[in-house]
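Engineer: Now for the letters of each chain:
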Amino acid sequence: MTAMTRILIRHEFILGILFVIVLFAMASQNDRFLTTANLLNQARLMTEVGLIAIPMTFVIVTGGIDLSVGSILGLCAILLGVFWQNLGLPLPAAIGLSLAAGTAAGFANGLIVTRFRVPPLIATLATLALYRGLAEGISQARSVRGYPDWFAVLGRGDFLGIPTQLWLFALVAAVGIFVLRFTTFGRTTYAIGNNEAAAEFSGLPVVRTKLLIYTASGFISALAAIVFVSRVSTTRSDMGSGIELEVITAVVLGGTSIFGGRGMVIGTLIGLCLMQILQNGLSLSGVRGDGTTVVIGAVLIVAVLISNLLSRFSSD
Amino acid sequence: MSRRLTHTLGSLGQEILLVVVILALFAFVGVYNPRFLSENNLTSIFVGNAYIAVAAIGMSLVIISGNIDVSIGALIGVLAVISGLLVTNGYPIWVAWLAPLVVGAAINAVVGCLIAYARVPSIIATLAMLSILSGGLITFTGGQWISGLPAGYQLAQFRLLNVPSPVWFMIGMTILAGFLMRYTTFGRSVYAVGSNPEAARASGISYKATVVKVFAIHGAIGGVAAVLFATQLQVIQSTTPVGLELVIITASVVGGVSILGGVGTVFGSTLAAILFAAIGSSLIFLNVSAYWLRAVQGILILATVLADMARRRRTG
Amino acid sequence: MTPILELKNITKAFGPVKVLTGVNFDLRPGEVHALMGENGAGKSTMIRIAAGDHRAEEGEIRLDGDVRRFAGPREAQAEGIIVVHQELLLFPALSVAENVFLGHQPKTAAGLVDWGRMRREARDLLDRLDCPNLDVDQKVSRLSVADRQRVEIARALSRNARVLIMDEPTAALAEADVKRLLEVVRRLRSEGVAIVYVSHRMNEIFEIADRVTVLRDGVSVGTKPIAEVTEASLVSMMVGRDIHQLFPKEDIPRGEKRLELRSVSLAGVVEDISFDLHAGEILGIAGLVGSGRTELAQTIFGVTPATSGEILIDGKPQKIASVREAIDAGIAYVPEDRGTHGIIRAQPLRENVSMAILDRLTKFSVVDTGREQSLASDAIKRFSIRARDARQRVGQLSGGNQQKVVLAKWLATDPKILILDEPTRGVDVGAKTEIHRLMGDLAKKGLAILMISSELPEVLGMSDRVLVMREGRLSAIVDRKDASPAAVGAAMMQGRREPARAGAAR
Numbered sequence: 111m112t113a114m115t116r117i118l119i120r121h122e123f124i125l126g127i128l129f130v131i132v133l134f135a136m137a138s139q140n141d142r143f144l145t146t147a148n149l150l151n152q153a154r155l156m157t158e159v160g161l162i163a164i165p166m167t168f169v170i171v172t173g174g175i176d177l178s179v180g181s182i183l184g185l186c187a188i189l190l191g192v193f194w195q196n197l198g199l200p201l202p203a204a205i206g207l208s209l210a211a212g213t214a215a216g217f218a219n220g221l222i223v224t225r226f227r228v229p230p231l232i233a234t235l236a237t238l239a240l241y242r243g244l245a246e247g248i249s250q251a252r253s254v255r256g257y258p259d260w261f262a263v264l265g266r267g268d269f270l271g272i273p274t275q276l277w278l279f280a281l282v283a284a285v286g287i288f289v290l291r292f293t294t295f296g297r298t299t300y301a302i303g304n305n306e307a308a309a310e311f312s313g314l315p316v317v318r319t320k321l322l323i324y325t326a327s328g329f330i331s332a333l334a335a336i337v338f339v340s341r342v343s344t345t346r347s348d349m350g351s352g353i354e355l356e357v358i359t360a361v362v363l364g365g366t367s368i369f370g371g372r373g374m375v376i377g378t379l380i381g382l383c384l385m386q387i388l389q390n391g392l393s394l395s396g397v398r399g400d401g402t403t404v405v406i407g408a409v410l411i412v413a414v415l416i417s418n419l420l421s422r423f424s425s426d
Numbered sequence: 486m487s488r489r490l491t492h493t494l495g496s497l498g499q500e501i502l503l504v505v506v507i508l509a510l511f512a513f514v515g516v517y518n519p520r521f522l523s524e525n526n527l528t529s530i531f532v533g534n535a536y537i538a539v540a541a542i543g544m545s546l547v548i549i550s551g552n553i554d555v556s557i558g559a560l561i562g563v564l565a566v567i568s569g570l571l572v573t574n575g576y577p578i579w580v581a582w583l584a585p586l587v588v589g590a591a592i593n594a595v596v597g598c599l600i601a602y603a604r605v606p607s608i609i610a611t612l613a614m615l616s617i618l619s620g621g622l623i624t625f626t627g628g629q630w631i632s633g634l635p636a637g638y639q640l641a642q643f644r645l646l647n648v649p650s651p652v653w654f655m656i657g658m659t660i661l662a663g664f665l666m667r668y669t670t671f672g673r674s675v676y677a678v679g680s681n682p683e684a685a686r687a688s689g690i691s692y693k694a695t696v697v698k699v700f701a702i703h704g705a706i707g708g709v710a711a712v713l714f715a716t717q718l719q720v721i722q723s724t725t726p727v728g729l730e731l732v733i734i735t736a737s738v739v740g741g742v743s744i745l746g747g748v749g750t751v752f753g754s755t756l757a758a759i760l761f762a763a764i765g766s767s768l769i770f771l772n773v774s775a776y777w778l779r780a781v782q783g784i785l786i787l788a789t790v791l792a793d794m795a796r797r798r799r800t801g
Numbered sequence: 056m057t058p059i060l061e062l063k064n065i066t067k068a069f070g071p072v073k074v075l076t077g078v079n080f081d082l083r084p085g086e087v088h089a090l091m092g093e094n095g096a097g098k099s100t101m102i103r104i105a106a107g108d109h110r111a112e113e114g115e116i117r118l119d120g121d122v123r124r125f126a127g128p129r130e131a132q133a134e135g136i137i138v139v140h141q142e143l144l145l146f147p148a149l150s151v152a153e154n155v156f157l158g159h160q161p162k163t164a165a166g167l168v169d170w171g172r173m174r175r176e177a178r179d180l181l182d183r184l185d186c187p188n189l190d191v192d193q194k195v196s197r198l199s200v201a202d203r204q205r206v207e208i209a210r211a212l213s214r215n216a217r218v219l220i221m222d223e224p225t226a227a228l229a230e231a232d233v234k235r236l237l238e239v240v241r242r243l244r245s246e247g248v249a250i251v252y253v254s255h256r257m258n259e260i261f262e263i264a265d266r267v268t269v270l271r272d273g274v275s276v277g278t279k280p281i282a283e284v285t286e287a288s289l290v291s292m293m294v295g296r297d298i299h300q301l302f303p304k305e306d307i308p309r310g311e312k313r314l315e316l317r318s319v320s321l322a323g324v325v326e327d328i329s330f331d332l333h334a335g336e337i338l339g340i341a342g343l344v345g346s347g348r349t350e351l352a353q354t355i356f357g358v359t360p361a362t363s364g365e366i367l368i369d370g371k372p373q374k375i376a377s378v379r380e381a382i383d384a385g386i387a388y389v390p391e392d393r394g395t396h397g398i399i400r401a402q403p404l405r406e407n408v409s410m411a412i413l414d415r416l417t418k419f420s421v422v423d424t425g426r427e428q429s430l431a432s433d434a435i436k437r438f439s440i441r442a443r444d445a446r447q448r449v450g451q452l453s454g455g456n457q458q459k460v461v462l463a464k465w466l467a468t469d470p471k472i473l474i475l476d477e478p479t480r481g482v483d484v485g486a487k488t489e490i491h492r493l494m495g496d497l498a499k500k501g502l503a504i505l506m507i508s509s510e511l512p513e514v515l516g517m518s519d520r521v522l523v524m525r526e527g528r529l530s531a532i533v534d535r536k537d538a539s540p541a542a543v544g545a546a547m548m549q550g551r552r553e554p555a556r557a558g559a560a561r
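Chains as they are written, first to last, in my numbering: chain A, 111 to 426; chain V, 486 to 801; chain Y, 56 to 561.
Bear in mind the hints are in silico, worked out from the structure with no lab data behind them. It is possible that some hints are incorrect.
25 Å max Cα-Cα, derived PhoX-like pairs, lysine-lysine [said to hold, decoys possible]: (1) Lys-693/V x Lys-162/Y; (2) Lys-471/Y x Lys-500/Y; (3) Lys-536/Y x Lys-499/Y; (4) Lys-312/Y x Lys-471/Y; (5) Lys-162/Y x Lys-698/V; (6) Lys-487/Y x Lys-436/Y.
Residues from chain V shown here face chain Y by an in silico Cβ test under 10 Å; the list is partial [unchecked claim]: (7) Ala-636; (8) Thr-669; (9) Tyr-676; (10) Ser-688; (11) Gln-719; (12) Gly-747.
Quick caveat: nothing in here was measured; it's all calculated off a predicted structure. Beta carbons: idealized from backbone N, C-alpha and C, even for Gly.
Work out the full structure, taking the sequences as your base and the hints as a guide.
Structural biologist: Right, here's the structure in full:
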């Protein structure tokens with residue numbers, strides 16, 4: 111085990127303890143909280159944010175950020191509805207095209223960041239506006255409803271007693287963990303975040319890696335859109351707005367440095383769960399939905415402060 | 486032409502371009518549909534959007550200093566509600582007008598401290614603030630609009646020399662801020678900090694103090710914008726205008742403030758805000774759905790950013 | 056006469072690395088005091104302490120005979136101690152006048168920035184520096200390096216500099232600009248300004264300095280009036296030993312031709328370079344900073360691919376369009392800027408050493424950590440890297456050990472051609488000798504080595520042949536037996552012309 115992962119494990123350890131404390135606190139507050147039904151339902155609600163958080167971990171480890179994920183989600187949801195209802199395509203084809211559109215949107219982000227060397231923050235802020243604008247323009251504020259029953263299985267059904275989308279999420283998370291932890295691609299991701307120039311001078315494929323990561327971020331955002339639409343069985347152009355905040359909070363809370371170079375997918379998963387039970391617990395104790403976003407914002411700041419503090423201890 | 490004049494014109498390139506584009510847009514849409522140039526429409530363009538131009542002034546300061554603020558839309562919403570609640574609860578009108586400035590400065594000073602002293606990147610600190618402010622606002626007001634505003638409170642509906650007061654505010658604040666940025670040592674140190682923080686330190690300029698001041702001023706200017714926003718109608722919406730922060734950032738960036746810091750003037754951002762207002766209005770007169778407005782903004786900001794990067798690469 | 060500035064018994068360490076030990080230095084009004092020493096001898100640290108940027112752990116700073124403690128650069132500046140930094144700390148987006156006065160702008164009675172007076176005073180200062188053509192309203196981003204430096208000096212003067220510290224001011228200047236700069240230095244001296252002049256260049260030192268102090272390994276070796284030293288005595292003060300004793304160069308028979316360049320150019324930077332490099336040979340590249348040495352190396356290595364010309368490896372033309380292709384062709388490059396291009400400080404030694412051969416350490420793109428671990432352990436043994444273990448982060452190692460990590464990383468690629476750019480910069484004397492010995496061993500094993508160095512003794516001591524560059528062109532190739540400091544030095548400087556000034560046409 112490396113010195114770096116030792117510190118990360120420590121961060122995750124702290125987080126894990128925090129998670130358990132919150133779990134017990136919530137359970138003692140409300141006996142509806144610690145039930146299998148509630149927890150599985152929370153996991154279901156968490157899936158869209160969770161899916162996007164996996165590639166976002168990669169993005170932030172490279173020292174970048176992707177603010178456009180919520181807009182890509184909205185755009186792909188709208189496109190799904192438009193392809194299916196307005197163009198009359200079969201639903202599987204509409205899903206395929208929608209995923210392709212999300213992938214293309216992510217690829218465009220990657221191109222702007224790598225080819226034109228626009229800082230990721232600004233590039234994705236611009237495409238956040240653009241993709242959301244396209245979603246609004248294409249939908250003209252009309253929503254699409256009446257999806258077939260088989261489609262609802264993905265968002266509302268179960269498989270082997272577990273919500274269907276959770277299997278999908280588990281698969282994406284497993285791939286994320288594996289790629290970042292064990293492969294050359296993951297190594298390159300860390301190297302870029304820690305010292306991009308040195309990575310380039312070592313012959314690592316810096317541009318290709320970044321391009322792939324932003325593209326994956328677009329693809330997974332589209333996937334999240336499909337899950338989202340299936341879960342609520344409607345499409346609206348404002349879907350997923352503000353989701354980037356929740357995603358980034360989960361990633362940073364999970365110990366990934368916002369300056370790049372450090373972070374693990376496992377941490378992101380813990381951060382994600384912590385956030386979700388915090389929200390759920392609060393709403394069970396009577397705090398309204400918007401109140402929980404206040405907590406998320408506060409948690410994000412505290413998470414960055416702690417991570418800054420930790421990195422100061424471990425810096426050379 | 487003297488050399489100095491050439492330099493001045495050269496550095497105002499973006500501003501001159503904007504004036505030309507605005508005039509061309511007015512001429513084009515005016516020919517297509519003369520009602521576009523009616524006094525009524527022109528007044529509504531300026532009065533309805535002056536608060537955006539005012540807020541963009543503060544945003545320009547923030548971006549010139551090398552930071553960004555995505556919480557300004559939510560802040561304006563919160564400050565407008567504070568102002569409205571004060572006046573409907575019997576506080577003097579001048580208190581309701583001034584309180585947003587003070588509260589805005591205070592809130593953003595805290596944000597500035599997080600950025601400067603706790604090394605939280607501005608995008609994270611302000612994303613978190615966006616969440617806290619917008620969530621807090623809805624939780625607090627329950628989404629209820631504030632009505633029953635006293636007559637003398639409607640600052641944005643006043644006229645001076647038959648020109649609506651928001652226009653005076655827009656022009657006055659732009660000139661004031663332009664003066665501040667050009668003729669005070671504080672203004673120059675904002676440019677210095679954004680241009681080369683290391684050199685600024687070597688020149689004895691405090692990065693931390695400058696950033697905190699910039700955010701506090703930005704918050705106070707946001708307070709002015711909030712008062713204009715709150716007093717333009719007979720009611721105050723208690724939700725934050727969706728995507729307002731993006732419009733404001735876009736105005737700054739399209740107005741010639743470089744995303745990489747250190748470059749730009751406040752005049753450009755005001756012109757860009759006018760341009761956006763005119764585009765929004767002209768869509769209606771050109772029979773284009775207003776739902777495309779955000780897509781147009783997205784394209785504009787993306788094009789400006791790409792042009793900025795290309796220009797930087799050329800001149801080094 | 057009381058010295059204006061005096062450093063007594065200064066000691067400074069960064070973590071475990073002691074940079075200065077009991078250094079003494081004094082500066083009199085109206086003198087140019089040269090400060091010399093090899094890279095890593097502690098010059099920069101000493102300057103930073105004098106300017107209030109660093110604080111010494113021991114020793115005292117006296118200003119006009121009084122002991123002072125500077126809390127930061129601002130306090131030192133207030134006393135008129137100003138540094139003209141090598142990297143020129145300017146604001147590219149702002150005008151010349153503003154760059155000169157930022158932080159202490161002239162103000163009107165109302166407390167506002169007085170642009171008129173600022174521009175006039177900037178004009179006066181620039182005229183005093185004999186640059187009437189420099190426009191005070193021009194943006195600094197459009198100026199040439201020489202002009203930027205004048206702006207930096209004008210800025211120092213605007214703060215009423217009594218002590219002016221110039222850190223390698225001529226490193227990036229062409230000959231004509233150097234002459235003008237020395238003229239300015241003389242003029243300032245005659246006005247009573249005391250100047251610390253840091254430079255590697257002997258001829259400048261003899262032309263301008265009144266006294267010279269030499270630092271070696273963080274210790275002041277001695278201070279002497281310029282009349283009492285010669286070039287040779289200065290070199291031996293800096294190096295501490297005789298050159299031939301220091302570089303035990305063995306004669307290795309020249310092998311086959313490994314690398315050949317045929318009029319290789321990188322548009323606007325490197326022009327028309329042709330040479331060949333043989334197995335077992337160490338080819339040194341000498342030249343001033345900015346002469347295109349590093350650019351040439353990075354062109355061969357595919358960082359900035361050549362825009363014209365041909366590169367042949369083992370006699371066969373080879374297209375090198377990226378770093379990857381260069382590595383695959385058997386080229387390795389140990390970069391000049393170790394911190395930026397060589398190591399990843401935050402990552403463990405193991406991951407640094409394996410970085411350039413990750414693709415060879417993988418099965419189905421999964422990194423084989425076992426092989427990686429043994430690679431790293433072998434490297435620690437072979438190069439005697441002083442690290443706790445292979446998991447230690449590279450940022451925690453000393454400069455010399457970091458450099459060994461970079462060497463290990465590149466030798467792991469099993470290269471045929473090794474390019475070393477400033478291989479011993481910022482490395483302590485012990486590690487330096489080890490690296491030199493390693494170079495000899497590698498050459499003996501048939502590696503072809505291209506070595507760039509700013510240290511003439513190193514170039515002369517280690518190379519079989521010396522390739523001299525000047526302004527992006529090859530100016531001479533000198534054989535070992537003919538390579539004297541005078542011959543190589545002359546080829547480096549000779550007939551330098553002033554490059555076209557950027558922005559002059561605008």
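Engineer: Hint by hint, which ones does the structure fall short of?
Structural biologist: 7, 11
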